[in-house]
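Student: Below, each chain spelled out in residue letters.
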Amino acid sequence: MATFFGEVLSVYSRAVEEDEEDLDENEEDAEIRRELEEKREVNLHWSPEVSESLKSGNKLPCSDFILAVGHNAARFLSVYALTSENWDALGRASVWNERSGGVASEESACVFYRPKDNPAVLICQVTCYLAEDQLFQWTEKVFDCLQLRQLNVTVLSESSVSDLRRRLPEQQLGSLPALAPVRCFLWEACLQITGAAQHSDWTSGCSTEPL
Amino acid sequence: MFISSENSPPCFKDFTLVMPAVAVGNVGQLSVDLIVSTLNMSRVGYMHTDCLIPMTGNNPYATSNENAEELHTPAEVYTAAELKLAVLQIRAPIIQSKSKKFRQLLVSWIKSSGFSRAVVLSSSQAYQRDDQQMKGIPLRYLVTPSLLKDSEDALKELSWREMERVSAYPGLTDANTEPRLYVPGGGITKGLYTDSCAEDVPLAVLILFCSEGDNIPDAFTLVNHLNDWLHLLDDPSQKPNKWKIPTSWNLLFGSGIPPALF
Numbered sequence: 003m004a005t006f007f008g009e010v011l012s013v014y015s016r017a018v019e020e021d022e023e024d025l026d027e028n029e030e031d032a033e034i035r036r037e038l039e040e041k042r043e044v045n046l047h048w049s050p051e052v053s054e055s056l057k058s059g060n061k062l063p064c065s066d067f068i069l070a071v072g073h074n075a076a077r078f079l080s081v082y083a084l085t086s087e088n089w090d091a092l093g094r095a096s097v098w099n100e101r102s103g104g105v106a107s108e109e110s111a112c113v114f115y116r117p118k119d120n121p122a123v124l125i126c127q128v129t130c131y132l133a134e135d136q137l138f139q140w141t142e143k144v145f146d147c148l149q150l151r152q153l154n155v156t157v158l159s160e161s162s163v164s165d166l167r168r169r170l171p172e173q174q175l176g177s178l179p180a181l182a183p184v185r186c187f188l189w190e191a192c193l194q195i196t197g198a199a200q201h202s203d204w205t206s207g208c209s210t211e212p213l
Numbered sequence: 025m026f027i028s029s030e031n032s033p034p035c036f037k038d039f040t041l042v043m044p045a046v047a048v049g050n051v052g053q054l055s056v057d058l059i060v061s062t063l064n065m066s067r068v069g070y071m072h073t074d075c076l077i078p079m080t081g082n083n084p085y086a087t088s089n090e091n092a093e094e095l096h097t098p099a100e101v102y103t104a105a106e107l108k109l110a111v112l113q114i115r116a117p118i119i120q121s122k123s124k125k126f127r128q129l130l131v132s133w134i135k136s137s138g139f140s141r142a143v144v145l146s147s148s149q150a151y152q153r154d155d156q157q158m159k160g161i162p163l164r165y166l167v168t169p170s171l172l173k174d175s176e177d178a179l180k181e182l183s184w185r186e187m188e189r190v191s192a193y194p195g196l197t198d199a200n201t202e203p204r205l206y207v208p209g210g211g212i213t214k215g216l217y218t219d220s221c222a223e224d225v226p227l228a229v230l231i232l233f234c235s236e237g238d239n240i241p242d243a244f245t246l247v248n249h250l251n252d253w254l255h256l257l258d259d260p261s262q263k264p265n266k267w268k269i270p271t272s273w274n275l276l277f278g279s280g281i282p283p284a285l286f
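One line per chain: the protein sequences are A and B, in this order. If you're matching positions, the first sequence starts at 3 in our numbering and goes up one per residue. If you're matching positions, the second sequence starts at 25 in our numbering and goes up one per residue.
By construction, these hints were calculated from the structure, which means they are not laboratory data. What you were told as hints is all true, and nothing was included just to trick you.
PhoX-like, lysine-lysine: derived pairs with alpha carbons at most 25 Å apart:
1) Lys268(B) x Lys108(B)
2) Lys57(A) x Lys143(A)
3) Lys61(A) x Lys143(A)
4) Lys135(B) x Lys108(B)
5) Lys143(A) x Lys125(B)
6) Lys125(B) x Lys41(A)
7) Lys124(B) x Lys143(A)
8) Lys143(A) x Lys122(B)
9) Lys124(B) x Lys41(A)
10) Lys135(B) x Lys37(B)
11) Lys108(B) x Lys180(B)
12) Lys159(B) x Lys180(B)
13) Lys266(B) x Lys108(B)
14) Lys122(B) x Lys135(B)
15) Lys122(B) x Lys41(A)
16) Lys143(A) x Lys118(A)
17) Lys37(B) x Lys108(B)
18) Lys173(B) x Lys108(B)
Could you build all of it, start to finish, from the sequences and the hints given here?
Tutor: Encoded structure:
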């Protein structure tokens, strides 16, 4: 795009990149693609007793699932939930992608906890990067392990303050941090999948007035 | 996979399907937003697919506080039964490695649902036009052979211009290279069109040449162009702006201006 002053700026486009001509893929390419896809699979590692019960067809009983996505949200759970109760680590999800770091960070990146005295509550802190093509799979695999009837899902997420769009002017933002819920009362489960905010102007334009 | 929100699946027999291609400026998606919000269409289901980046938000077409709190997802189907019109809105980018799978999903859904025709609203990079494409209005169309049979007269009457094929190597005259269809910035547009030709699906594509920016005027241009053909709104000349802008377009370009500035 050329500006009024004649500079040429490269413009970010939300459109999918140029649709590649369907190149003839030889067997080796297909093999590499398959291997890469396998490597990018989301894997769940449950504790022995959980995997035993999942194997026999019993899903995890759960009335409330709290998912914290991002470092701020995860830390919020650490401070206000994990320190005050007695929690069992039930398992973790592991992903490999272009931003995966060392093994150490991976181990603690996506752990599921359950309070000892209330096994119907499950929380998870997601601090690792989930790539766009892994989000759907992650959600599908995790929810496949849970009993979905009467399940309340709460997702704690975070977004930069500069991305907050609201009709009211900034000076009324006195009570930071502002909370803007994506609300739903019609569905049993309220689920905000990671990445929603950054991929859609639509989300931020909704009726999400800060509390 | 299409999932109905009602217990009984909706009937799309002889309906016209309108859907966007996620393309430059998101013009198709904005146009579809205008159609859904203006015709007050009702949601009948959604596409459950791993080909789109998952996302969610509140009702983009909210008219009151009550219906604002519905949960909406990346690919949803709306209908206006009295117009025999169905609309598929796509709100998220397609995952690059899965665009072929997504095209196949769409084509097989269009075929199995019994739509009489499908219209794809799309856009293409204005700066990549060649000389002939720069002449006249910036709108082009493509139509598959199976739709051309039924709509030839209507298209003739509209005197629309078909998308020109461009030479594969501009500036070089080589007898061996045939002019090809090229829709830069059009996402799955070209693939969807060629798949539909091969599968004998009655499909039309409307393409607007545009650039990335404030694409709201482009959306009006495209949706008015579509209206010339489908007559979704009866008296287009009645009001200067007969399309209803949905609530989700508020704050598209950031927050309100702080009065403390002045």
